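Working from the sequences, and respecting the hints, build out all of it.
Protein sequence lines correspond, in order, to chains A and B. Read in order, the letters of the first sequence are residues 20 to 210 in this note's numbering. Read in order, the letters of the second sequence are residues 232 to 595 in this note's numbering.
Hint data in this document are derived by calculation from the structure and do not stem from the laboratory. Where hints are given, some of them may not hold.
Unchecked claim - In silico SDA-like links for lysine to any residue, alpha-carbon gap of 25 angstroms or less:
| # | chain 1 | residue 1 | chain 2 | residue 2 |
| --- | --- | --- | --- | --- |
| 1 | A | K136 | A | F126 |
| 2 | A | K68 | B | P537 |
| 3 | A | K58 | A | A101 |
| 4 | A | K58 | B | S284 |
| 5 | A | K68 | B | P446 |
| 6 | A | K68 | A | Q54 |
| 7 | A | K68 | B | S539 |
| 8 | A | K58 | B | T281 |
| 9 | A | K58 | B | S545 |
| 10 | A | K68 | A | Y132 |
| 11 | A | K58 | B | R448 |
| 12 | A | K58 | B | G288 |
| 13 | A | K68 | B | E289 |
Predicted model only: the values in this text are computed from it and were never measured.
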Amino acid sequence: MSPPALAALFAVALVIAIAAYVVFASYNAIVALRQRIDKAWANIDVVLKQRHDQLPNLVAAVRGLMTFERDVLTQVTEARAAYSPTAPIPDQAVTSDVTSSAVRSLFAVVERYPDLKSQANVQDLQAEIERLEAMIADRRELYNDQVYRYNTAIGQVPGVLLASILGWTTRQFFAAEPADAARPDTSLGAT
Amino acid sequence: MVPYDARVSSSISWILAASGAGVLAGLGLVVRGLAGYRTALLVADTSTSTIASAAAGEVRISGVIEPAELTLVSLLQSTPCVYYRASVGNGGDASIPDSSYAEERSVGFAVRDSTGSLRVFPRGARVDAPLRFHDETGLAGDEPLGLTIRTGPATQTAEVDRATAIADLLTVHDPRTSTGLPAWQGLRRQSGRREYRETRLEPGDAVTIVGRALPFRDLDDPAGADLGMGGSDVQADPEIAADMAEARAAGTLADDPDAAWGNAAIPGFGIGRPVTSPIIDPAANPLPLATADAAAATKRRFEIAPDSLVLAASAEVPLLIAYGTPTAVVGRDQARFVAGLFGAGLAIASALILAFSVSGGFGA
Chain A
20 MSPPALAALF
30 AVALVIAIAA
40 YVVFASYNAI
50 VALRQRIDKA
60 WANIDVVLKQ
70 RHDQLPNLVA
80 AVRGLMTFER
90 DVLTQVTEAR
100 AAYSPTAPIP
110 DQAVTSDVTS
120 SAVRSLFAVV
130 ERYPDLKSQA
140 NVQDLQAEIE
150 RLEAMIADRR
160 ELYNDQVYRY
170 NTAIGQVPGV
180 LLASILGWTT
190 RQFFAAEPAD
200 AARPDTSLGA
210 T
Chain B
232 MVPYDARVSS
242 SISWILAASG
252 AGVLAGLGLV
262 VRGLAGYRTA
272 LLVADTSTST
282 IASAAAGEVR
292 ISGVIEPAEL
302 TLVSLLQSTP
312 CVYYRASVGN
322 GGDASIPDSS
332 YAEERSVGFA
342 VRDSTGSLRV
352 FPRGARVDAP
362 LRFHDETGLA
372 GDEPLGLTIR
382 TGPATQTAEV
392 DRATAIADLL
402 TVHDPRTSTG
412 LPAWQGLRRQ
422 SGRREYRETR
432 LEPGDAVTIV
442 GRALPFRDLD
452 DPAGADLGMG
462 GSDVQADPEI
472 AADMAEARAA
482 GTLADDPDAA
492 WGNAAIPGFG
502 IGRPVTSPII
512 DPAANPLPLA
522 TADAAAATKR
532 RFEIAPDSLV
542 LAASAEVPLL
552 IAYGTPTAVV
562 GRDQARFVAG
572 LFGAGLAIAS
582 ALILAFSVSG
592 GFGA
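Here it is in structure tokens:
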């Protein structure tokens, strides 16, 4: 083989090697992204479960003294009962939002009961649930960011080619669907 | 008979050498660019976790370096840092072919964001640090400004006491003296040019770290993981070996670490638990006991709770410590990839020129 032919072969081989490297690296990166999304979701699930386990303790601790605030306690209990780890992610997002809202209402009511607020076990439970709420918010942000990166990666070249071959589809965000996230009716009933 | 023209032959040799160098340089850029592409994907595809909500497993943390128990003193500029790579080359001067020297060290540190701090164990990490010092000796052999070669120990406590800080400020080093300098500075006794390069990560630098977070209790070797060493093998340097043999013969160098360091040579004495009981010298003056505040401060600094998450390298997830924010790191690695593509073009063009030169396309 003549030197110019060898040089041409070298050029073709180098271009193919670079293209193959880019495709393989992109494939590995997208597979890693899918794993990260699964892990991020599992990390949210752990904290949702911890909150689910702590809420009965909080309700039991405040029930005795909150004689006139049964509605708030009922809201928290119902929200907790709606938790289902096997539900679709948007449904779990709705349940989580409702639970967070009910817990915030309960904490606001507890502020009105100085005797209750000063109890050590109530303070501890409140601090623990606030910690879990903050962790859910952080991990939700992380999960959604990871989903965003994945959905973007499989929508761009070369990920879009790999996605069409391998049947990868977009993942769902941990967020309420627009219909579920509609503002609650806060009117006083008069129209 | 074909007449011989020395000028044509010389120019062809020059083309062959230049095109061969172009192929090698281009391939080097390609390799560097592909590594940059992979790093850019790794950093860009991992979301930043806040330290307070970080979970065990692969994480990306972005924050500011805080010193832990110790900081390093960099080799060429004597600057407190947590990582440095220093090299002394011959600056292209072929008259001193054996003078190249490189040293790489890192020490454990903490990274802080707005939610907390996390301990980083750097052994086995790939570090992307900025070049902080790059200069050469002058034509007259004068050393560059800013070269302040370390003359003391390579580590210091992270919190320097007031008296030491004042003493350091008031000490004037005479750059002409060479007494007490490290052995590797035998380089200075050689004639010819030297090129100095130092990359560093310093306390206060913004860094992006991608690695595996794990509970401190799961770290196999905390003391070993806290230090990273690399670079040239100091013992293999003939000049250093000769200096050490000389010191050993003079009785100023102990053969045994126990003899040199005493109780401090016991494994685990600094971090973790000693593997043997220390030997107490009854004639030694006992140190005064620490106050409660000092003891509490020391405990906060040195004690790591077993359940605390730390960042360390593992076989599955390598540890990457890169200078700058995630956006800056990704931008830098993407630029390397683009340079790699140009390198591919350079290699192909050089290969074609080389092929035509060899086949007689030029000057035939």
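(request) Give me the numbers of the hints this structure contradicts, sorted from smallest to largest. (result) Hint 10 is the one this structure does not satisfy, whereas the remaining hints hold.
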